[in-house]
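4 protein chains.
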Amino acid sequence: MRRLVSGWNENRVAHEFTTTVRVRYAETDAMGWVYYGCYFVYFEIGRTELMRELGRPYSEIEKNGTRLPVVSTGCHFLAGARYDDLLRIVTRASVLSAYRLRFDYRIFSSEKMLCEGFTEHCFVNQDGGLAKVPRDLVETLGPR
Amino acid sequence: MRRLVSGWNENRVAHEFTTTVRVRYAETDAMGWVYYGCYFVYFEIGRTELMRELGRPYSEIEKNGTRLPVVSTGCHFLAGARYDDLLRIVTRASVLSAYRLRFDYRIFSSEKMLCEGFTEHCFVNQDGGLAKVPRDLVETLGPR
Amino acid sequence: MRRLVSGWNENRVAHEFTTTVRVRYAETDAMGWVYYGCYFVYFEIGRTELMRELGRPYSEIEKNGTRLPVVSTGCHFLAGARYDDLLRIVTRASVLSAYRLRFDYRIFSSEKMLCEGFTEHCFVNQDGGLAKVPRDLVETLGPR
Amino acid sequence: MRRLVSGWNENRVAHEFTTTVRVRYAETDAMGWVYYGCYFVYFEIGRTELMRELGRPYSEIEKNGTRLPVVSTGCHFLAGARYDDLLRIVTRASVLSAYRLRFDYRIFSSEKMLCEGFTEHCFVNQDGGLAKVPRDLVETLGPR
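Protein sequences appear in the order of chains Y, X, L and H.
Each position in the first sequence, counted from 1, maps to that position plus 1 in the working numbering.
Each position in the second sequence, counted from 1, maps to that position plus 1 in the working numbering.
Each position in the third sequence, counted from 1, maps to that position plus 1 in the working numbering.
Each position in the fourth sequence, counted from 1, maps to that position plus 1 in the working numbering.
Read the hints as simulated data drawn from the structure, not as lab findings.
A portion of the hints provided could be inaccurate.
For identical chains, the list gives no copy identity; a pair is met inside one copy or between any two copies.
Think about it this way: if two alpha-carbon atoms lie no more than 25 Å apart in a straight line, the pair counts; the simulated SDA-like pairs of lysine to any residue are [claimed, not checked]:
1. Lys133 - Val22
2. Lys133 - Ala80
3. Lys113 - Ser60
4. Lys64 - Gln127
5. Lys133 - Leu88
6. Lys64 - Lys133
7. Lys64 - Asp85
8. Lys64 - Asn126
9. Lys64 - Leu88
10. Lys64 - Lys113
11. Lys133 - Ser98
12. Lys64 - Arg83
13. Lys113 - Arg68
14. Lys133 - Leu55
Extracted from the complex, chain Y is given alone in its bound form (with noise of 0.2 Å):
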């Protein structure tokens, strides 16, 4: 899990943003805490907000026929979320390659760092066929 780290470090990354999101009770399991499979949909609303701040949000890419299925995730957990609490979500994007975009995620509860995690992500015209990452995104999420 070395690129899930590095991935945070590296300098290539660019664009940062923050949102918050309150646990659902729908979202806790019979421990107490969250359910571990929620945080990717916690990710989902990170990547959401923080293509919606670039002025790229993703419902408007969609309309135009491509996609951006994940191909690959991961997550470290380093502590649990209760029901309300008020999450906060640190996203940040990069391109990895002419095919593929990259987003890293903090989840914090309070100044708690309770998990660390990637989605990257390739795009799919509407023929179904892989897409290179469009020009004007990779100047905008580009290395600077």
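Fit chains X, L and H to the given chain Y structure using the hints.
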């Protein structure tokens, strides 16, 4: 909620099918029981398996461009389910009108009834317009 | 489902609160709309925020060992919600009896009402036994 | 994600079990495929059924006050699953260290591998403290 209960008893109910589902940890909540919203997923399993049993799997109905959104639903809870419980879902189907299909559900753990519910569905065609319940489905589900 | 509709109109409803929720990709299904079971999660958000507004956050009620399981629920759907829609959840609370609390919900997208539903809850104490609705909550929510 | 792949191949993996799961409508998203977060629920099913097969059902472990939270997870996606697909979950268990258990997963639809993932778990006792993997579990899962 009269209709909810009477739906189960009335004479026009013609087709019944029983299937099982094992409670997932993801479906429990911090109370230690299955989250109430998850019972509607169990209802989906009940009607999916009933339709398959009737030789009309929902996946095939949808391939023809027809969809059956839920227009009304309700559930009355009597007892809770725990992680790893093996539940029994009993589902009944009936034609409510020329435009409406109804499923009634009872979910059991061992011999104890946990809940009783229903869903009512309309038919939507490829253009998004309302459609009549297909004749062959009326014949399959119709009053005996 | 008379009661579902009348619940909204009746005079005893004293407290109303509006909150918003943005539709997550995880909540949509292959029809392209929000899965029907997810509306019950939105209802949870509605009552959580109403209780917080009333100065009685559910998380604190639970810390005292009291729980409010859902004993009955229903929902009537009028239209669907899409990914990234910003929904408005209007919630009303009322005391139904010495042992029952009821919430009524209406969810809107822009000015369009998507659904109307309710949940009824009992009070369960630390020993798992039924309890009366606490006196101060009756006073807060009670008939005016 | 080297470790993810090597986890599957390494010699110490001793126990493997295959179970099936049918894709629910609730698990699909607006792309028409299973939402990426749902695969972590499938992983839960895989490890639950493997533990049951080994004669150590997780529900019993939990009754003794021990819990196995996920400390790390990852998944690499190769292809998507559709509504009603019957998936095959292949799960392997291994003891990673005195304090860590690991499960590796591969999910297939027909002969096509959809994804490959893992979860790593620690043991938490009744007091919330870290505990060693129980000796009998080491013996059951240990290196051969």
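Here is how each hint holds up against the structure:
Proximity of Lys133 and Val22 under a CA criterion of 25 Å is satisfied in neither setting, with 32 Å inside one chain copy and 33 Å between copies. Taking the shortest alpha-carbon separations for Lys133 and Ala80, only the inter-copy value of 19 Å comes in at or below 25 Å, while the best intra-copy value is 37 Å. When the C-alpha separation of Lys113 and Ser60 is checked against a cutoff of 25 Å, the pair qualifies only between copies, where the shortest distance is 20 Å, while the shortest distance within a copy is 32 Å. Taking the closest pair of Cα atoms, Lys64 and Gln127 come within 25 Å of each other both inside a single copy (10 Å) and across two copies (19 Å).
When the C-alpha separation of Lys133 and Leu88 is checked against a cutoff of 25 Å, the pair qualifies neither within a copy, at 34 Å, nor between copies, at 31 Å. In this homomeric assembly, Lys64 and Lys133 come within 25 Å of each other (Cα to Cα) only inside a single copy, at 17 Å, whereas the closest approach across copies is 31 Å. With identical chains, the CA atoms of Lys64 and Asp85 are at most 25 Å apart between copies only, with a shortest distance of 12 Å across copies and 34 Å within one. For the identical chains of this complex, Lys64 and Asn126 are neighbours both inside a copy (11 Å) and across copies (22 Å), given an alpha-carbon limit of 25 Å.
When the C-alpha separation of Lys64 and Leu88 is checked against a cutoff of 25 Å, the pair qualifies only between copies, where the shortest distance is 20 Å, while the shortest distance within a copy is 30 Å. Taking the shortest alpha-carbon separations for Lys64 and Lys113, only the inter-copy value of 22 Å comes in at or below 25 Å, while the best intra-copy value is 38 Å. In this assembly of identical chains, the alpha carbons of Lys133 and Ser98 lie at most 25 Å apart only when taken from the same copy (9 Å versus 42 Å across copies). In this assembly of identical chains, Lys64 and Arg83 lie within 25 Å of each other by CA distance solely across copies; the values are 12 Å between and 36 Å within a copy.
Taking the shortest Cα distances, Lys113 and Arg68 sit within 25 Å of each other only across copies (22 Å), while inside one copy they are farther apart (34 Å). With identical chains, the CA atoms of Lys133 and Leu55 are at most 25 Å apart within one copy only, with a shortest distance of 19 Å there and 46 Å across copies.
Against the hints set out earlier in the document, violations occur for numbers 1 and 5.
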